[in-house]
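**Q** For reference, the chains in residue letters:
There are 2 protein chains.
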Amino acid sequence: MAEVSIDLNMVRVTNEDFVKKAEACVPELLKTVVRPVAIVDIVKTEDIYPKVQKADDIENLSSYHLAKGDRICLDFGDHQVGYVTLKLNSVGSPQDSPAFFRLKFGEIAKEMTEDSKDYDGWISRGWIQEEFIHIDVLPAELKLPRRYAFRYMEIEAIDTSLKWQMVVEDVYCTSVSSVRMEDVKPVESDDEMIRKLDRVSLRTLHNCMQSVFEDGPKRDRRLWLGDLRLQALANYETFHNMDLVKRCLYLFAGQTKDNGQVSACLFTEPKFIVDDTLLLDYSMFFGATLLDYYEASGDRETLEDLSKCAYRQMEIAGEQFDEKHLMKNGEGFWGFIDWTDGLNKQTAMQGVYIYCAKKVQKIAEILGDTEKAEELKKEAEEKTAAVRKYLLDEKTGLFVSGEEKQINYASQVWLILAGAVSIEEGRAMLDKLDELKPEKGMVSPYMNHHYVEALLMCGKKDQAMDYMKYYWGGMINHGADTFWELYNPENPAESPYGSSIVNSYCHAWSCTPTYLLRKYFN
Amino acid sequence: MAEVSIDLNMVRVTNEDFVKKAEACVPELLKTVVRPVAIVDIVKTEDIYPKVQKADDIENLSSYHLAKGDRICLDFGDHQVGYVTLKLNSVGSPQDSPAFFRLKFGEIAKEMTEDSKDYDGWISRGWIQEEFIHIDVLPAELKLPRRYAFRYMEIEAIDTSLKWQMVVEDVYCTSVSSVRMEDVKPVESDDEMIRKLDRVSLRTLHNCMQSVFEDGPKRDRRLWLGDLRLQALANYETFHNMDLVKRCLYLFAGQTKDNGQVSACLFTEPKFIVDDTLLLDYSMFFGATLLDYYEASGDRETLEDLSKCAYRQMEIAGEQFDEKHLMKNGEGFWGFIDWTDGLNKQTAMQGVYIYCAKKVQKIAEILGDTEKAEELKKEAEEKTAAVRKYLLDEKTGLFVSGEEKQINYASQVWLILAGAVSIEEGRAMLDKLDELKPEKGMVSPYMNHHYVEALLMCGKKDQAMDYMKYYWGGMINHGADTFWELYNPENPAESPYGSSIVNSYCHAWSCTPTYLLRKYFN
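Residue numbers (this note's numbering), protein chains in the order written: chain A, 1 to 522; chain B, 1001 to 1522.
The hints are simulated quantities; they were obtained by calculation from the structure and are not laboratory data.
There may be inaccurate statements among the hints.
[Claimed, not checked] Ranges of calculated distance between the beta carbons of each label pair, as one might list FRET restraints: (1) E16/A <-> K1143/B: 30 to 36 Å; (2) D120/A <-> P1270/B: 38 to 44 Å; (3) D120/A <-> L1030/B: 26 to 32 Å; (4) E16/A <-> Y1049/B: 58 to 64 Å; (5) A67/A <-> F1521/B: 55 to 61 Å; (6) E269/A <-> E1169/B: 14 to 20 Å; (7) D120/A <-> K1044/B: 33 to 39 Å; (8) D56/A <-> D1258/B: 35 to 41 Å; (9) G419/A <-> L1144/B: 56 to 62 Å; (10) D118/A <-> L1030/B: 28 to 34 Å; (11) D118/A <-> P1270/B: 53 to 59 Å; (12) E1381/B <-> A140/A: 32 to 38 Å; (13) L1144/B <-> K437/A: 52 to 58 Å; (14) D115/A <-> E1169/B: 31 to 37 Å.
Using N, Cα and C, we set each Cβ at its ideal position, and we do this for glycine too.
With the rest of the complex left out, here is chain A (with noise of 0.2 Å):
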């Protein structure tokens, strides 16, 4: 299902002084220069996840004669993010023929056994990394223009001649991040999987730093309100980049809908533009995300800067209520919360607005703004009050969601981070969604992480940590060197794209463990 919004006639206010503001804190890309570390096999398995085995020491590359059909995989020895620069020759007789070959990145080796040509999805397949060169005359430096998200790196000869073979005389990638990992010192502990799961998320959080928040270096690399909010808490135990937060902030606060709103994300090349991408809970997160900015940095400039910004998203989220004071199902894709299919976001939706308004309070409080602050206040409890008495349904204990009276995880998550229910109410909810298993569940690692959130929450600490170590871990256990965009224990080949192959698999949503590890466990 393709889930797109268009809005040709969006009119768009810029903020020439808070665009100003966002780009002094553009950051400086560190480079890092990385060689493969192997050549492998990638050979497929009964399971869905090939196996990768070492096929020969790197120091024997440039041995290989890639005549017709013949190809090498290198592996990089871990995620990188940047530009590749190949030095190629010809051996033989003279070479009397364009060098024709196809270069594929896989961020994961399963990417590497999937073909192009069975893509079938509805996003563009230009996200499918894979390049198709000539190169007229040997040997020659290739430096890629563009950049690419990848462990894996295959060479295919497609074709050479009768009378010559090509040579990869050396190929490096020169890694790219604003941030460096040696910066952070890791969690300790004799677990070997909670280390790993730190480990996992500062790579897939360091790979997504670049001169935004992207949300994946592979696909979309671009700049969510979503994901940043959850990249942000994980920098701020992290990396601690508050310039890079705060330019990601004024850059969704720089230009917005003529009404005010927020999108749901923006570009910032080739000039920075806004996106016709309009969430209703994406747009609600901007001041969640500033109050934990502002919790972080103590930075009240930006604060009082952006407060209004952050006040106004709440007003354009309240019309979106009924005269029960119920939000109502928006048209086309009006919120995200998680890429379940079917799922009725409505009271999940509810949840947020709850969640939110509590935070912009905070914010009003803190800047003294009282009659805000007493607005939202009221705003809260009104919500609170009608989605219990009008959503909670008796028998279950559970809260149900649209017409249907959809019962799913969402719901009952995000009620619970709301503060809508009492920690012993979570508690029951939480153990009743164990029992009942919803049918509608849980696929992004966004959803999942909100999921944790709240057993923590509600005090139940070790379910949290199996539960991390079921799910993100169920990703290491599968080779994972950055978290996915997309998890589903039970179907390890779900999409919401028509097709995994252009699933990302480093993603900035999925970097929390390092996050809640080192909040809630140390």
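Knowing the structure of chain A, use the given hints to seat chain B on it.
**A** What follows is chain B alone, placed relative to chain A:
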């Protein structure tokens, strides 16, 4: 059938002095910016050659919003050799995915209807002029690094996204050549076909005259001796660029096999090197080409420098004869003559030997090398006597070739050109060919050129003109802007490479009508 020679043990000997003299003659390439003249549809017909229909004015180019799968075909009005620049942009919502598109270049319309996926020939598919390109950020000016030979260019948006479309704001070709079309006065005639034969020849030669005389600017793109000989003859009557011929002669003599044999072809990039393909007829033509150059230029210094190399080729070829003074069959791809499949080349090669011996004898006479002149005179006489004694079939009056006594065009043509028969005998042989129409015909315009020269030599001027109109005119009637590497009127899909997709449609050895018209019909 793969016709390729590989000799990895070939020892090359370089004459640095000759190489320096060649480098001193490197031409400056002249640049012309050319823009497309129309948007066209290329429509398949029942004929093998599709129809080109104007679809829209080129001024409307940027109004095309290319979404996934959309294509647009541009007509540049004439055959171009050059470097293409595109100015691309996006329309719709912000560009939320890479632009992924395919560019396809065709010298003739037929190539545009062929699918590279179907190619299964023995030469490299790297020659197919097709690029798959990702551009992450639009607008962008894309300067393609490779040179293309084309009249038609198709742009296909393989994918954009649901949110935006690609626009081609501008596209142009910086066409290159070492000569100018404007510098040659066209052949004047009331006969439109004659004017076209001249014009298309000139364009063919112009587009092959780069930093060397290339065989074809689409495929091979390098200097071959057989092609050079004909290009040089056409050049003397038209562009009159003496330095380019001089450069090519010095290159061939500048590096040879250690026995002194001149290679069939050579490369100038990344650095000068001669190929390990050795074709005996091409080696012998070194002397003929040198004499032609001297006669056109009067450059005695070059004749003196390179005469030894010309002598040496005849000595090497002389070793290929048996005790009866008949040319022995060589191994593998030993001589060229023509691409006709199954052609026995022995007798034709004997003709080439006699032809070249007489030319080189003339060089020796000019330089006063009396002994060498006498030796070559004797060689030509002995070889002429032998071929007449053993290979002239009494019944038909035609020469036979090889053990199977094959009767083919090539043997007769070369022995006529060699003066091994009288004008009267030659006329009778040519008439007999017309009558018998031997199965082993002529595929390449190169061989057809020699056939026309044989007609002219035997005084059959009308027949020669009719044949030029039939053969080269046939290409013109099929829409040729430049003459093709291969043309068999009776089998238009013929290719020596397993598929016509890789055929060259602007090929040096096909440019001779302008020479024949100016030399014999003026």
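**Q** A separate judgement is required for each hint: does it hold in the structure or not?
**A** Do the hints match the structure? See the list:
1. E16/A <-> K1143/B: 30 to 36 Å: holds, 34 Å
2. D120/A <-> P1270/B: 38 to 44 Å: holds, 42 Å
3. D120/A <-> L1030/B: 26 to 32 Å: violated, 48 Å
4. E16/A <-> Y1049/B: 58 to 64 Å: For Y1049/B against E16/A, whose Cβ atoms are near 60 Å apart, the range 58 to 64 Å holds.
5. A67/A <-> F1521/B: 55 to 61 Å: violated, 50 Å
6. E269/A <-> E1169/B: 14 to 20 Å: With a Cβ separation near 18 Å, E269/A and E1169/B satisfy 14 to 20 Å, so the hint holds.
7. D120/A <-> K1044/B: 33 to 39 Å: About 27 Å separates the Cβ atoms of D120/A and K1044/B, which means 33 to 39 Å is violated.
8. D56/A <-> D1258/B: 35 to 41 Å: Since the Cβ atoms of D56/A and D1258/B sit about 37 Å apart, the hinted range of 35 to 41 Å holds.
9. G419/A <-> L1144/B: 56 to 62 Å: holds, 59 Å
10. D118/A <-> L1030/B: 28 to 34 Å: The hint (28 to 34 Å, Cβ to Cβ) is violated, given that D118/A and L1030/B are roughly 48 Å apart.
11. D118/A <-> P1270/B: 53 to 59 Å: Cβ of D118/A to Cβ of P1270/B: about 38 Å, so the range 53 to 59 Å is violated.
12. E1381/B <-> A140/A: 32 to 38 Å: violated, 53 Å
13. L1144/B <-> K437/A: 52 to 58 Å: holds, 56 Å
14. D115/A <-> E1169/B: 31 to 37 Å: holds, 34 Å
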